[in-house]
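Chains S and V supply the protein sequences, listed in that same order.
Position one of the first sequence corresponds to residue -13 (the working numbering), numbered consecutively onward.
Position one of the second sequence corresponds to residue 141 (the working numbering), numbered consecutively onward.
Certain hints may be false.
Claimed, not checked - Covered by chain V, per the in silico footprint, the following chain S stretches (three or more residues, Cβ under 8 Å): (1) 0 to 11; (2) 113 to 121; (3) 143 to 157.
Unchecked claim - What follows is a list of derived Cβ distance ranges for each label pair: (4) V:S218 to S:Y7: 44 to 54 Å; (5) S:A20 to V:R205: 22 to 32 Å; (6) V:Q285 to S:P21: 29 to 39 Å; (7) V:G226 to S:S62: 36 to 46 Å.
Everything labelled a hint here was simulated from the structure, so no lab data went into it.
Given the structure is predicted, the values throughout are model-derived calculations rather than measurements.
From the three backbone atoms N, C-alpha and C, an ideal C-beta is built for every residue, glycine too.
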Amino acid sequence: MNRLRVIALILIILLGALFAYVAEDIPVFGDPNAPPIKSVELFTMEVDQVASLLDQHVVPEKLFKELVKRGFPPPSRVEKIPGIEGEWNGLIKKEEPHYAKDEKYYWIRKERDKLRISRYAFVVRWIEKGLEETAVTNMVTYGLADYRGYDTLGETTVIFTAGVSVILLLRRRSRL
Amino acid sequence: MKEKQGERNVIVETVARVMIPFVQLFALYVIIHGAGGPGGGFQGGVVFASACILYVIAFNLAGGRARFPESGNTIFSSLGLYIYAGIGLLAIIFSSGAAQYLNYGFIPFTSRFEENRALGMDFVEIGIGITVMAITASIFFDLAQKDGNEKEEEEEGSR
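Using the sequences and the accompanying hints, generate a full structural model.
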């Protein structure tokens, strides 16, 4: 028993040290630019001719090849983000019924001599396109019932199962 | 407490009589406004069940059971889930397999795709509301009736 306690203490200390080591990379609480809310950085590359091509709404061949090599969907076109210098949106062709249009997928930023390529989180689409895609003003509801419909179906099933369990445990009669 | 069982409390009964319709109306309001404002099926269903619980607390268990019978309770608790799953299935049926499950836009309620999604969401919220209402009331009745059953069993055992 004592040996188990010592092992547990050592394990806790190790896990604490690991957490302290990792804590630097955890996004700040409520950070609007955290990876699950805004974007995940994919890779960086050198800026040479690429930036001027991006400004002309052309997908540079170098960037295209790099993305395909890494197994990401190939971008169909590039748009400049209005009002911000050195930032672009990469769009991809999405095969989705009714929404067979381009979808904003990559976020390309120029930082000094590096080009940072990130991928937008799914939530960005809910927040920006939710009202026009669903005609519902309440962001929580279209998140809950439409984009995460499976999740809510599961939640309802959990409640149903809880009720059935209580019926089976407490209702000691022949018929339900 | 036993001598008070048959006693009626006029204040509690009158307040409950006035409150219950408004609580039920508020529950329907919360469910219907799930898409437009704050609210939704889960909250509305619980508010609706609380009206039923208020009736039982103010009056008696047998009256509450008579107004919300066990058979209806069992049917309603699965009906809401069937509505939800059925709406999801309708999307596949109407788009003849092109759309995914629960893609409400393809159910032809109206001519516009976005409005269909909004209406689909409303029906789904109603389904959630029915299930949550029935299950909450069912758990309450089962817990409340347990004591009575045990007494019956004890009486049967002593005989």
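Taking the hints in turn, this is what the structure says about them:
Using a Cβ-Cβ cut-off of 8 Å, 0 residues of the segment 0 to 11 of chain S lie near chain V, which falls short of the minimum of three, so the contact claim is violated. Only residues whose C-beta sits within less than 8 Å of a C-beta in chain V count toward coverage, and the segment 113 to 121 of chain S has 4 of them, enough to reach three; the restraint holds. Counting residues of the segment 143 to 157 of chain S whose CB lies closer than 8 Å to any CB of chain V gives 10, which reaches the minimum of 3, so the coverage claim holds. Under the hint 44 to 54 Å, the C-beta atoms of S218 (chain V) and Y7 (chain S), about 50 Å apart, fit the expected range.
In this structure the hint that A20 (chain S) and R205 (chain V) lie 22 to 32 Å apart at CB is violated, the actual value being about 51 Å. Separated by about 51 Å at the C-beta atoms, Q285 (chain V) and P21 (chain S) break the suggested range of 29 to 39 Å. Here the CB-CB span from G226 (chain V) to S62 (chain S) is close to 37 Å, well matched to the stated 36 to 46 Å.
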